[in-house]
Amino acid sequence: MASFAWFPHTDEDIRVMLERIGVENLDALFDDIPEAFRHKGGFDLEPALSEQQLRAQLEALGAENARLKVFVGAGAYDHYTPAVIPALAARSEFLTAYTPYQCEISQGTLRYIFEYQSMICALTGMDVSNASMYDGPTAAAEAVRMCVASTRKRNSVLVSSALLPQVIEVIETYARYSGINVVVSDSVLEDVCEGVLDLAGVVVPSINRYGVICDYTGLAEEVHAQGALLAMYCDPSALAVVKSPAEWGADIAVGDGQSLGIPLSCGGPYLGFMACRQEYMRKLPGRIVGETSDAQGRRAYVLTLQAREQHIRREKATSNICSNESLMALWVTIYLSLMGPEGLRRVNRLSSEGAHYLYERLLATGKFEAVFPDQPFLKEFVLRPLVDVRRLQERLYAAGFFAALATEEGYVSFCVTEKRTRAEIDALVKALEEL
Amino acid sequence: MSNIKEGLRYSESHEWVWVDGKVAVIGVSDFAQAEMGDITYVDLPDEGDSLAAGDDFGALESVKASSELYSPVSGTVVAVNEALADQPEKVNEDPYGSWIIKVEMSDPSELDALLSPQAYAEIAK
Amino acid sequence: MKYYDKLVFELSKPGRCGFSLPEHVVEGYAPELPERVRRTEAPALPEVSEVDVVRHYTNLSQMNFGVDTGFYPLGSCTMKYNPKIDEEMAALPAFQEVHPLQDPATMQGTLRVCYETERALAALTGMKHFTFAPCAGAHGELTGLMVMRRYHALRGDTARTKVIVPDSAHGTNPASAAVCGLEVVVVKSRPDGLVDVDALRPLLGPDIAGMMMTNPNTLGLFEREIGEIAALVHACGGLMYYDGANMNPLLGVARPGDMGFDVMHLNLHKSFSTPHGGGGPGSGPVGVREGLEELLPRPRIVRREDGHFDLLSEPSEASAGRVSAFLGNLGVVLRAYAYIRLLGREHVGEVGRYATLSANYIKEALKDCYKLPIPGLCKHEFVFDGLINDGAREGVPGATTLDVAKRLLDFGFHAPTIYFPLLFHQAIMIEPTETESLETLDAFIAVMRQIAEEAARDPQLLHDAPHTAPIGRPDETLAARQPVLRYAKG
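Residue numbers (the numbering used here), protein chains in the order written: chain S, 1 to 435; chain X, 1 to 125; chain E, 1 to 490.
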C-alpha cells in the first residue's frame with residue numbers, strides 16, 4: 001500500500017492526543033454518532049496510489065483526450081496564455097489563501113481584486129465592478145435578478161435570442177425558481193418599442209452567437225424610457241476594439257472573463273464578470289473590494305459594502321454567492337497588465353486576420369454559403385454548410401481539428417484566435433477541400 | 001443610558017414618530033443608532049410608496065450589520081430625507097434631528113398602539 | 001514605503017508593453033470595424049513591462065497568508081494542506097486544452113476523471129449520482145434546492161414553498177433558499193446546540209419542501225437525532241438536504257446517505273483538498289439518492305454500456321435546468337480526483353478521525369482560558385465564546401474576540417472564524433484539519449494561552465493588534481461610507 005505523505009501523525013502523537021482528550025481510541029471520538037450511522041467495513045474506492053503512480057495514471061487518462069487544434073469559440077476561446085500568468089498565479093500565498101476576511105494579512109488578494117475591478121471598469125466603461133462571479137452565464141442570471149431588484153414591483157425581463165444558448169438556459173433556470181418572467185426575443189428593439197408589461201430589464205449580447213458585432217443604436221433610450229435596465233453580455237477581450245456597454249448606454253455589463261488568458265480546461269474554472277453604473281452599486285451582488293486606510297494612514301484594501309451580502313442579510317441578500325473566482329481574477333488581472341490597451345488590440349487584430357482569412361478560404365471551397373454577408377465580425381462567424389455536417393465534422397476531427405460547430409439553426413460556427421497560424425488555417429481548409 | 005426624546009411616540013422596533021397633522025415624521029431612536037454603531041448607509045424608499053403598519057421601508061447598514069426599518073403607521077410616503085444618502089452619519093450624530101421618511105397616514109388611530117417615551121424606556125435598555 | 005508597494009496602474013508608462021505577439025497572422029485581412037460599432041477610446045489599462053508585472057505580483061503575494069505560509073484554523077472552511085502534485089496534474093495540457101463543446105468521443109479522459117470522481121463521491125456519501133455543474137458550495141446549495149423544488153413540481157405538489165433551516169446554519173442556506181424562491185422557516189437549537197426536535201414538529205406540514213442541515217452542525221456537534229429528524233421530514237412529504245460544508249470529519253467515518261439525506265452538496269475545496277485560491281475557484285458537486293438523478297442539471301456525464309462516456313446535454317422536462325456555462329469547474333474536479341486516488345481506500349478512514357482528534361485536542365487544551373459553552377466531544381471544529389478573563393478595567397474595555405483574532409496574526413497564525421455562528425456573541429470557531437502536526441497544534445495552543453494572559457494583563461496590547469502585519473486595522477467605516485472601488489488616476 002502506498003503511504004500517504006500528508007498526515008503528520010505518528011503513533012506516539014496519536015496516543016498523546018487521545019490521552020489529553022481522555023478517550024480510549026480514535027473511534028471513541030465518534031461515540032456521539034449513533035451506531036446505525038457509523039459506516040462499517042471499507043469504502044468502495046480504488047487502492048491508494050503513490051505520487052509517481054498518480055502521475056502515470058493521469059498522464060494515461062490525458063492520453064484518452066484527443067489533441068485538437070481548436071477553431072471554435074461559442075463562449076470558450078482558445079487565446080494564448082503568457083507564461084508569466086501560471087508562474088505568478090501558482091505562488092502558494094495566492095493559491096492556498098482563503099477569502100480575504102483577515103484583511104491585514106490578505107492585502108495581496110485584496111489589492112489584485114481592486115486592480116481587477118478597476119480593469120473591468122476600464123474595459124466596460126462601468127463605474128463599479130464586483131470581485132467576479134462563477135462564470136459568464138451565472139453572471140447574466142444575476143444581472144437579470146439585479147434588474148428585477150432595481151425596479152421595484154417589475155418582474156419581466158426581455159432576453160435576446162442571439163445570446164449564447166448556455167447563457168439563455170442559465171438565465172431561464174435561475175428565473176424559473178425566483179419567479180421572474182423571461183421573454184426570449186428575436187427582435188429586441190421592436191419588442192421594447194411595442195412595450196412589454198412589467199419590464200424590469202433587457203439582456204443583449206455585444207457580439208452575438210453568430211459572431212456578429214451588434215448595433216444597438218437607440219436601444220438604451222427605449223429601454224430607459226420604459227423604466228427598465230439594459231444589461232449587455234460581452235466578450236471582454238473584444239471590448240478593446242468594439243463599443244463598450246457604457247458607450248451603448250447599458251446599465252449593467254456581464255460576461256465571461258475566460259477570453260482573457262484563461263485556458264479552456266473543458267469548461268472551467270472560468271470567471272464571470274459583472275459591473276454596473278454607480279446608481280446601482282448597492283444592488284450589485286457578490287464580493288466588492290474597496291480602498292481605505294489604517295490608523296497610520298497607510299493605504300489599505302478591505303471587503304466592503306458587505307451589508308448586501310448573505311452572511312449579514314441572510315435571506316434578504318442580493319444573492320447567495322459568498323465567494324468569487326478569485327484566482328481566475330488574478331489570471332485576468334495579470335493578463336491585462338501584460339497586454340495593456342495595445343496588446344489587447346493586437347490580440348483582436350491577429351484573431352480578426354485569421355478569422356477573415358479562414359472565412360474567405362472557406363467560401364472559396366464552394367462548400368459553404370455566407371449567412372450574414374454584410375455584418376461585421378471579429379474572430380467568430382457562422383456559415384451555411386452545403387455538405388453533410390456530420391461528414392464534415394468527422395473529417396475535421398480525423399485531421400486533428402475541432403471546427404465547424406453545428407448550431408441550432410443549421411449553421412456551422414468557426415472561431416480563430418491569435419494562437420492559430422496561417423499554416424494551421426491552410427491545413428484546415430485543405431482537409432475540407434478533400435471532402 | 002440612551003436619550004429618549006419627549007413628545008414623540010415610539011415603536012418596539014425602535015422607530016420614533018412625530019405627528020404633524022396627517023403626516024407622521026419617522027426616524028430611529030438614539031438607542032437604535034447606538035446599537036448599530038457607525039451607520040454607513042441608509043436604504044431609503046421612494047416617494048409615493050404605500051406602506052402598511054409593520055412593513056419594512058428600508059434599512060440601516062453598518063460595516064458588519066444591517067437592520068430593517070419598519071413603518072409604525074400605514075399610509076403613503078410623501079417625503080424621503082435624501083440627505084441621508086450622502087451623510088448617513090447624521091443618524092448617529094443627531095437621531096432625533098434626522099428624520100428618514102414622512103408618511104401621510106391612512107389610519108391615524110394606529111398611533112394609539114405606539115409607545116410613550118416612558119414605556120419605550122423599558123425596552124430601550 | 002517599499003518601491004513596489006503600489007498598484008499596477010501606478011507602474012504604468014505610455015508605450016511600455018509586457019506582451020510578446022507577432023505583428024501579423026495573415027497581413028491585410030483584418031478589416032477596420034465600422035464606426036457605429038467601434039470603440040472610440042482605448043481602455044485605461046496599465047502599460048507595464050514583464051519584469052515589473054512579475055515583481056509587482058510577487059510582492060503582492062508576500063502580503064498574503066496561505067495554508068502554505070502557516071496554520072490556518074478557520075472554522076467551517078477546512079483549510080487543509082493541498083498536495084502539490086494535484087496542481088501539476090491539473091495543469092497537464094492534455095486536460096487544459098480541451099474545448100468544452102468538443103464531441104464527447106474526443107474527451108474521454110476528462111469524462112473518465114469526472115465519472116470516477118462521481119463514483120468515489122457516491123461511495124463516500126451514500127448518494128447515487130453527482131453533478132459537477134455547480135462552481136461553489138453556495139452554488140451547490142442553490143442547485144440542490146432547485147432539484148428539491150423540481151421533485152415536488154413533477155409530482156404536481158406546488159404548495160411546498162417553504163424550507164426549514166436551523167438557526168445555527170451557514171448564512172448561505174437562507175440566502176440560497178431565497179434565490180430559489182423558497183421561504184425560510186427557522187428552527188431553533190436547544191441549549192445543547194442541537195436542533196430542537198420538539199420545535200421542529202409543529203413546523204412540518206404540506207407547505208414544507210424540505211429541510212437543510214449541516215451535520216455536524218456549525219458548532220461542530222453531530223446531530224444525534226438526525227434519524228428521527230429525517231423520518232419526520234419525510235413523513236410530511238419533504239426532502240432532506242445535506243450542506244456538505246462540514247463533511248470533513250465524516251470522511252471515511254459516516255455517510256449522509258445513510259442518515260436519510262436525499263440531496264446534498266460537497267465542497268471539493270474543503271474536504272477534497274483543492275486550494276481555495278483566495279476565494280475561488282471552488283467546486284460544489286451535488287449528489288442525489290437513487291431515483292432523483294433525472295432531476296440533476298444538464299449536461300450530465302453518463303457511462304454507456306460499451307464503457308465509453310457521453311454527455312446528456314439536451315434540456316429535459318425532469319431536469320432542474322442548467323446552472324453553469326458548461327460542465328462546471330473541471331480543473332478543480334481533476335485536483336479532487338488526484339487527492340482521492342492518493343488517499344485510496346486505505347487512508348480515507350484517517351481523514352475524519354485525525355481532523356476530529358486535532359479539534360478535540362485543541363479544545364481540551366484551551367478550555368480553561370476560553371469559554372466553552374458546550375462541553376463534550378466535538379467533531380472537526382468547535383466554538384469558544386470569547387475569553388474567560390478579558391481584562392476589562394476602569395477606562396479600558398476588555399479584549400474581544402476580534403482582538404484575539406488580530407493578535408494571532410502577530411504570531412504567524414491565521415485567525416479562526418469569528419462572530420459565527422450567531423448563537424454566541426463572542427464566537428471563536430476553530431477547525432484545525434487533519435494535516436497539522438502535534439507540534440503545530442501545541443505551538444498554536446501556547447500562543448492562544450499567551451494571548452489570554454496578555455488580555456488579562458494588558459488588553460490595550462490586543463486592541464492595537466496586529467503589530468507586525470503589512471497594515472494595521474483599516475478604517476472599514478470610511479470604506480463603506482465613501483466607497484472607492486476602482487483606481488482613478490491621481
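Wrong hints could be hidden among the right ones.
To be verified - Among the chain S residues that face chain E by a calculated CB cut under 7 Å, a handful are:
(1) 41
(2) 44
(3) 52
(4) 54
(5) 181
(6) 215
(7) 221
(8) 323
What the hints assert, rightly or not - With a straight-line cut-off of 27 Å between C-alpha atoms, the simulated DSSO-like cross-links for lysine-lysine are:
(9) X:22 x S:316
(10) X:64 x E:84
(11) S:283 x E:162
Treat the hints as calculated values from the structure; they're not laboratory data.
Ideal Cβ placement from N, Cα and C applies to all residues, glycine included.
Right, here's what the structure says about each hint:
1. The restraint placing residue 41 (chain S) at the interface with chain E is violated, with a minimum CB-CB distance near 10 Å, outside the 7 Å limit.
2. At a threshold of 7 Å, the smallest CB-CB gap from residue 44 (chain S) to chain E is about 4 Å, leaving the interface hint in force.
3. Annotation: residue 52 (chain S) was flagged as interfacial toward chain E, and the flag is violated, the nearest CB pair being 9 Å apart, outside 7 Å.
4. Annotation: interface hint on residue 54 (chain S) holds; nearest CB of chain E at approximately 5 Å, less than 7 Å.
5. Annotation: interface hint on residue 181 (chain S) violated; nearest CB of chain E at approximately 13 Å, more than 7 Å.
6. A hinted interface residue such as residue 215 (chain S) counts as satisfied when its beta carbon comes closer than 7 Å to some beta carbon of chain E; here the least separation is about 5 Å, so the hint holds.
7. Nearest Cβ of chain E to the Cβ of residue 221 (chain S): about 15 Å, over the 7 Å cut. The hint is violated.
8. Because the beta carbon of residue 323 (chain S) sits about 5 Å from the nearest beta carbon in chain E, less than 7 Å, this interface hint is met.
9. Restraint check for residue 22 (chain X) and residue 316 (chain S): the C-alpha separation of about 32 Å exceeds 27 Å, so the hint is violated.
10. Of the supplied pair hints, the one linking residue 64 (chain X) and residue 84 (chain E) is violated, its CA atoms being roughly 36 Å apart against a limit of 27 Å.
11. For the hint pairing residue 283 (chain S) with residue 162 (chain E), the CA-to-CA distance comes to about 25 Å; that is within 27 Å, so the pair holds.
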